[in-house]
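Chemist: Reconstruct the complex from the two isolated chains, following the hints.
For the protein sequence lines, the chains are B and W, in the order given.
The numbering used here puts the first residue of the first sequence at 1, with every later residue one more than the last.
The numbering used here puts the first residue of the second sequence at 150, with every later residue one more than the last.
Treat each hint with caution, since some may be false.
[Unchecked claim] Subject to a maximum C-alpha distance of 25 Å in a straight line, what follows is the list of computed DMTMM-like cross-link-like pairs (lysine to aspartate or glutamate): (1) B:K147 / W:E910; (2) W:K273 / B:D52; (3) W:K174 / B:D52; (4) W:K273 / B:E20; (5) W:K673 / B:E89; (6) W:K174 / B:E120; (7) W:K839 / W:E784.
[As the list claims (entries may be wrong)] Footprint (simulated), chain W over chain B, 3 or more residues, beta carbon under 8 Å: (8) 4-13; (9) 42-51; (10) 90-99; (11) 132-140.
Note that these hints are calculated values from the structure, not bench results.
We put the CB at the ideal spot given by N, CA and C, even for glycine.
So you can see what is in the structure, the chains are spelled out below.
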Amino acid sequence: MTLTCYVNGVLRTFDVTPDEYLADTLRRNGFFSVREGCNESACGACTVLLDDKPVLSCSILSAKAEGKHITTVDGIQDEAKKLSHCFAEEGADQCGYCNVGFALTVYSLKKHNKNATDEEIKEYIVGNLCRCTGYQSQLKAIKAYLKGE
Amino acid sequence: MRKNLKVVNNKTHSLDGEALMMGRKSYSDDYAEPNSLVCKMLRSPHAFARIKNIDTSKAEALNGVKCVLTYKNVPHVAMSRAGQGDPAPSPMDKFILDEYVRFVGDEVACVAAINERIAEEALKLIEVEYEVYKPVLDFEKAYENETVIHPEDGIKQAFEMGFDPKKNVAASYDMEVGNVEKVLKECDVVIEHTVKTQAQAHGMLEPHVSNARLDEHNRLVIYTSTQTPFHVRRIMSRTLGLPLNKIRIIKPRVGGGFGGKQQFHCEFFVALVTLKTGLPAKMQYTRQEVFASSYTRHPMKISMKIGASKDGRIKAIDCHTLSDTGAYGEHALTVFMIVGSKVLPLYNKVDAVRFGGRVLYTNKVPAGAYRGYGAIQGNYGLETAIDKLAEALHMDPIELRLKNSMKEKETSPIFEIMGEGTKGTAMIMESCKLDYCIKRGAELIDWYKKYPVKDMGNNKVRSVGMAIAMQGSGIPFMDMGAATIKLNDDGTYMLTVGATDIGQGSDTVMAQIVAEELMTTVDKITIYSSDTDLTPFDVGAYASSTTYVSGNAAWKTAIKMRERLIKEAAKVLEAHTYDVEFDGVKFTTKDKEITLKDLAHRLTYVKDMQQISVTESYFGHVSPPPFMSAYAEVEFDKETYEFKVIEYVAVVDCGTTINPMLARGQVEGGLVQGLGMAAYEDVLYNSNGKMLSDSFLYYHLPTTKEVNKITVEFADSYEETGPFGAKSVGEIGIDTPPAVIANAVYNAFGVRITSLPITPEKIMKAVKEKNK
Numbered sequence: 001m002t003l004t005c006y007v008n009g010v011l012r013t014f015d016v017t018p019d020e021y022l023a024d025t026l027r028r029n030g031f032f033s034v035r036e037g038c039n040e041s042a043c044g045a046c047t048v049l050l051d052d053k054p055v056l057s058c059s060i061l062s063a064k065a066e067g068k069h070i071t072t073v074d075g076i077q078d079e080a081k082k083l084s085h086c087f088a089e090e091g092a093d094q095c096g097y098c099n100v101g102f103a104l105t106v107y108s109l110k111k112h113n114k115n116a117t118d119e120e121i122k123e124y125i126v127g128n129l130c131r132c133t134g135y136q137s138q139l140k141a142i143k144a145y146l147k148g149e
Numbered sequence: 150m151r152k153n154l155k156v157v158n159n160k161t162h163s164l165d166g167e168a169l170m171m172g173r174k175s176y177s178d179d180y181a182e183p184n185s186l187v188c189k190m191l192r193s194p195h196a197f198a199r200i201k202n203i204d205t206s207k208a209e210a211l212n213g214v215k216c217v218l219t220y221k222n223v224p225h226v227a228m229s230r231a232g233q234g235d236p237a238p239s240p241m242d243k244f245i246l247d248e249y250v251r252f253v254g255d256e257v258a259c260v261a262a263i264n265e266r267i268a269e270e271a272l273k274l275i276e277v278e279y280e281v282y283k284p285v286l287d288f289e290k291a292y293e294n295e296t297v298i299h300p301e302d303g304i305k306q307a308f309e310m311g312f313d314p315k316k317n318v319a320a321s322y323d324m325e326v327g328n329v330e331k332v333l334k335e336c337d338v339v340i341e342h343t344v345k346t347q348a349q350a351h352g353m354l355e356p357h358v359s360n361a362r363l364d365e366h367n368r369l370v371i372y373t374s375t376q377t378p379f380h381v382r383r384i385m386s387r388t389l390g391l392p393l394n395k396i397r398i399i400k401p402r403v404g405g406g407f408g409g410k411q412q413f414h415c416e417f418f419v420a421l422v423t424l425k426t427g428l429p430a431k432m433q434y435t436r437q438e439v440f441a442s443s444y445t446r447h448p449m450k451i452s453m454k455i456g457a458s459k460d461g462r463i464k465a466i467d468c469h470t471l472s473d474t475g476a477y478g479e480h481a482l483t484v485f486m487i488v489g490s491k492v493l494p495l496y497n498k499v500d501a502v503r504f505g506g507r508v509l510y511t512n513k514v515p516a517g518a519y520r521g522y523g524a525i526q527g528n529y530g531l532e533t534a535i536d537k538l539a540e541a542l543h544m545d546p547i548e549l550r551l552k553n554s555m556k557e558k559e560t561s562p563i564f565e566i567m568g569e570g571t572k573g574t575a576m577i578m579e580s581c582k583l584d585y586c587i588k589r590g591a592e593l594i595d596w597y598k599k600y601p602v603k604d605m606g607n608n609k610v611r612s613v614g615m616a617i618a619m620q621g622s623g624i625p626f627m628d629m630g631a632a633t634i635k636l637n638d639d640g641t642y643m644l645t646v647g648a649t650d651i652g653q654g655s656d657t658v659m660a661q662i663v664a665e666e667l668m669t670t671v672d673k674i675t676i677y678s679s680d681t682d683l684t685p686f687d688v689g690a691y692a693s694s695t696t697y698v699s700g701n702a703a704w705k706t707a708i709k710m711r712e713r714l715i716k717e718a719a720k721v722l723e724a725h726t727y728d729v730e731f732d733g734v735k736f737t738t739k740d741k742e743i744t745l746k747d748l749a750h751r752l753t754y755v756k757d758m759q760q761i762s763v764t765e766s767y768f769g770h771v772s773p774p775p776f777m778s779a780y781a782e783v784e785f786d787k788e789t790y791e792f793k794v795i796e797y798v799a800v801v802d803c804g805t806t807i808n809p810m811l812a813r814g815q816v817e818g819g820l821v822q823g824l825g826m827a828a829y830e831d832v833l834y835n836s837n838g839k840m841l842s843d844s845f846l847y848y849h850l851p852t853t854k855e856v857n858k859i860t861v862e863f864a865d866s867y868e869e870t871g872p873f874g875a876k877s878v879g880e881i882g883i884d885t886p887p888a889v890i891a892n893a894v895y896n897a898f899g900v901r902i903t904s905l906p907i908t909p910e911k912i913m914k915a916v917k918e919k920n921k
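Only chain W is shown next, with the shape it has when bound in the complex (with noise of 0.2 Å):
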């Protein structure tokens, strides 16, 4: 373990707050050309309808229009927008615009025009024909329905994934680990519990934006608001069929992500709109469309069946889920697999365990990445499911989860199963103090005082529930980050990383741990991220991989460059490199020394002349859990069943914070995140397919008045294989809230809520339900 972490673990702040709060020009939009073309989407007024004839003529004669898009005139190619790696674990079943439309929102076609205005009465100029078909809207009535969502030929899978669109669906997996229903029988104690997960919005506040220009040689240049740059360009490349290196994509500060940015949205439009008329072209979703044109989490139905022995022994766990992705394919089968993948892991001690299930289309808005990717759906199953299992064993629920869940250096042959879409690695939990979380967790909430529910007097009452979790730090041998130090000439160094900030901080972290590792400050260390042109590369923000992955390649990079300049220190100090020490900013043998700024400058101008510049790579063998546990003590007025949350209590074990405020944030934000799905958000639709809670007004986001108290601690854990032992922490704090708010809710009323989110009128219906 390192000691006396100067830079790491320290207290390091934002390197961009300042300008962002001071208004900088600094977000995707700022930087489109003035002048340039302004694109607008004619979106489906059906939920699945194939488009008989479209006629652009009127638009495209409005004066000021300057290109219209319809699937006949943009390249026909089946991809994934998914914004994965290469390749693609979802299935090609997108075409950039085509002649079917499969949900209220989908994409038409596409005008260009000198303003805003012209653009939008163009749109009004399009005639559509559409030849409209009966949808499916209930995702568990899409299996083998007479109504098939994608019936066109050309799409595919990438490698088998059980993509069968002749049946709805887009794809499906099985795993079994024992012999589930024979152990299940064996068992003392079986319970068996089913939830539903609602839709969920990104919500995040800048709106899905890019603009394009060509440069000064013929090339595209984008500026986007997205989450993988990289991924970005290479699917742009094959699906327009123009060279990779002809394609430039930079990724500025990025007004929040959340998964919600992983997938394409603006850019293959702007990018036609440019290539075809040769101008600028930008375009921006309006907030309606942001909600009912991009993506949502996915909504699943999960029912767990878990078998103990009276002395609280979980010996089987079975769970079988049903995910709805909506009208395309994007991340399907990834999301699904984590239900299980990274949640059932928890419970390491069982004999038996199944996962299975199938990914259904429906004409709904797609779904796709959100933070938390299938584990906070999982958890809300999972952890809902052992406190009705702890309830039958009439054991106290803490007790039964620190006897049965993960420690440290044990394992999972759920690991070496499932992975990101393929099969899995094997892999030993090195740190794994969730026993601490757990018991620290209790403390923090004074659990034992007030479990499981207490009367305050005045009509209120409150109760206590909790929940675990854990969730990943990448994908092993899949997502690799690079990074590139180079040395000024005056001994300051310039950082470029593939890595992307999407307001997470990465920016900062990785400096830190250059920062760290060579023995200086953040100030000397200039970054520069994700711009495909001069930025190594990177998978992008996904997978909770950025401090792990990118940071290891950052650490890597910055142990390499100290070794660089040892060597050139020890050729001017005329010593052996090992006599050489550096503090960071001289090098010194017992009798000579030379500055770190002497040197860069004798290196840049003087004698042996050269840019010292040194680029690394790396890629996860293993993709270490961070873990949690997560307490809430919840006030219910007894009469309207309105609750809030009086104290919210996270106890991670991320491994070493690399800062600790960041990582504060990232937890303090998932939790209230995943707080909006277990008791505000909901994506309503009528019973047309379209959907209702398309805007702020009507989508309640947690303001100011949802939050009261969070308490997060770190536990003091180090991850061997992690950046100065760090682990991740981007997604693990949304995934407790809704079985935590689900448990609390039990241990007041006794009533299991088992779909979300939790609201005041379900409680009260249950509670009715019970007393009858």
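Okay, chain B solo, but in the shape it has when bound (with noise of 0.2 Å):
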């Protein structure tokens, strides 16, 4: 089947088959910044902005994305870089396969709480998993993001 929908503001149209999700659909036409991680919706590396809203990609139906916006971070790199920066300052960067799922994440977080208190900011990201950095200089940096401009 075909699925048209807009990826970073492009309307683009990609064979999919109806079991396929998200995902695996965006790496496989080459928008590698997707990390996958789980496959289970549990560890948010794969997270995407759909219609804005963050969403586990590797949980959503290709199918489920017709019509709509998608966004990865290739279509937010100045936030992403700016982020990057805080994260860079704070020592918050290790493996990075979690970095654009909380790219995302807090880039959304940003967009509809900019003044998130410390505990609304550990409950917004509390399903994008870190195994490196035990969270404390990515809290920091966050922190830092959302106060940024």
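Modeler: Given below as structure tokens:
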């Protein structure tokens, strides 16, 4: 079947099978920024925005994206760069496999609740697993990013 | 001690952080050929069985299937997948594929097809007839069990390690200094304490993944998420009978390792599929496979007996350990020995010390390398026993530790006796600020105001617990790393290292070391690492070796490059080398100067043209341990016994921190991973040996919610043998949480939880038992 949707603002058509998930469709078509960590909607690495809301692309059927707007980190490069600067300042970079998922989730938080409290931040990113950092430096970096501008 | 450091020990951003956040193509799977065959594995449904018949004809006939691998059509060479040095310090008890399957999830057959759907379809068409055996699932019953897990011929040990497969023994080891029995008899106080540790999953975010293709010279090129590219090349060459120079292993960015990627996973299968079909192939484990078909931490049973005089001098430590290596013996001996060698020297003033026991096979997911590597298990045993001893002596646990623990310029006989599967190396602790770490940690947590417990009045109590730890810095006379620095024609440098960045930031650290020595900034250093064609050798990222061993190699190379540049500049300036000053930008004598940029240009295009390139190697003669103290304040609910860590304090002596932020990240990340083992994570099996906790939904990694305040400080310390005074910091952070939390539970309720993870249920049960 054919899927027609917007990826980072560009109208695209993809050949997909009815049982295919969005993460696979995107990676198969060269959107390597979508990282696959678990394929069971449990780690947050594959986060993309679907009509502006963070979703786990490993668990959304591609067909469900018909006519919708998908944003990968490629579509928010300026924001990702800003967040990466905050991560670097706090030493929050390690393996980086979870970073893209964090970028999209935190970008969404910034749009919807820029003044989030510490507890709200923790709650918002609770679905984004990181095995490297212990979250301390990431939380500091995210706070700095939300404060920015 | 070096003063005025400008790059080392200064804030430096991680070199690859921005590109990774922006989602650049970075990890192994991003580099798979777009038309790669997809490899999928048929796995054993039985904990122990022999394949009587396997019929792959229907699978092979399926349109789109290009290749099916079984034990019948792959090389049959005994090897160890452990990814260690040579000779292998782990039993060579594994074949690429075998007629025996030894755990639920073990490899039966590999299918390669044009897409994932067809590969999965083909797996269902493979007909296997098994002869099913009774499995051994309890390692305490494995020794001389009627079920022999490795009855096959051809398996072996590269040197004597107590390998006795007919008795289900993968390795065994015993040592004694002095006469433990005799000294224990003379002690005023003797305590006994036994703990059990569970298996732990690595839980790195990037699953195991590899891909292969043949290049224009018909060589096998593999991108793989590994910690040990050079070991992968050697072991693959020997096992496949392929000349080493026909194999190229490239490690791009790695999405976390923690020991989990020291060993082989997908590499043999993509290699064989590509060699057999000529087509590119890729394989990525599902998360379920990462859990149930890779490997875990070794579960152990550790029995401690400690004797002391009544004034609190620890006189004898006796440690007997049983370790469960699961179906294969990867890292069986070496992890086991670390339980003794990187734990017991903490209390070095003993008259006698004994360590020994066995590592046993079971029909469970194999155990293997995992950050901490025996030290976390041993630490839980020893450091909870020390608290028990303090109580028996009516002594403050801090005072007992200060009195008996390792001090600077001291040693332990254990260092010389116990090494990496073999004899060790004697060494004096030239840098050991453990005393400072203990005292400073107590201040930071405000121990004496909080110890042992405080009732908060709201049905909650808060207690404190503590422990100390040590690790190593590489394996002396065994781990080698090398670096090459090449001068570019604009005066910038190309640094190539074998050292393997798996996310810990070693590329950044290596570039900092070189930039410091060459008096420049990291942006002038381009680093490329871990490509067996293009970079010099390195054993890889394990044994806390990278900063110390590979860092020393990078430093040595930079020193040589500096000397070489001064020599070349002296020729141009017509001066003696000792009259030439170099400040990183220009070379000056009394009356002349030339910039590095001009020199580099001249050497490339103008006169005496040559490529300036320097290579140096390093192997350690010692393995200076980092030390640390750890303290936690824990709040418990008095009714439900649920708890949370209010604050965790770590004071670490890792010598100079080359990159203070990344070093802190290593400690914080290690602490939280250790906290996972202490309180949340448990690998569970059903009674048939099938892993139940094979998903992030059932295996609880700590999230932002479990993490509160973590305070990490570094002691002012300088290790003379380390690069700019550095020791390692990658593993030590993980070692303390099990002991610290267990000690805090005791201080809250007077019960010792002797198995991990420490759950509210276990505390409740123990408290009820105590109150009977």
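Chemist: Now tell me, hint by hint, if it's right for this structure.
Modeler: Here is how each hint holds up against the structure:
no. : hint            : result
1   : B:K147 / W:E910 : violated, 41 Å
2   : W:K273 / B:D52  : violated, 40 Å
3   : W:K174 / B:D52  : holds, 24 Å
4   : W:K273 / B:E20  : holds, 20 Å
5   : W:K673 / B:E89  : holds, 20 Å
6   : W:K174 / B:E120 : violated, 32 Å
7   : W:K839 / W:E784 : violated, 35 Å
8   : 4-13            : violated (count 0)
9   : 42-51           : holds (count 3)
10  : 90-99           : holds (count 10)
11  : 132-140         : holds (count 7)
Figure legend: structure checked against the earlier numbered hints; hints not met, in rising order: 1, 2, 6, 7 and 8.
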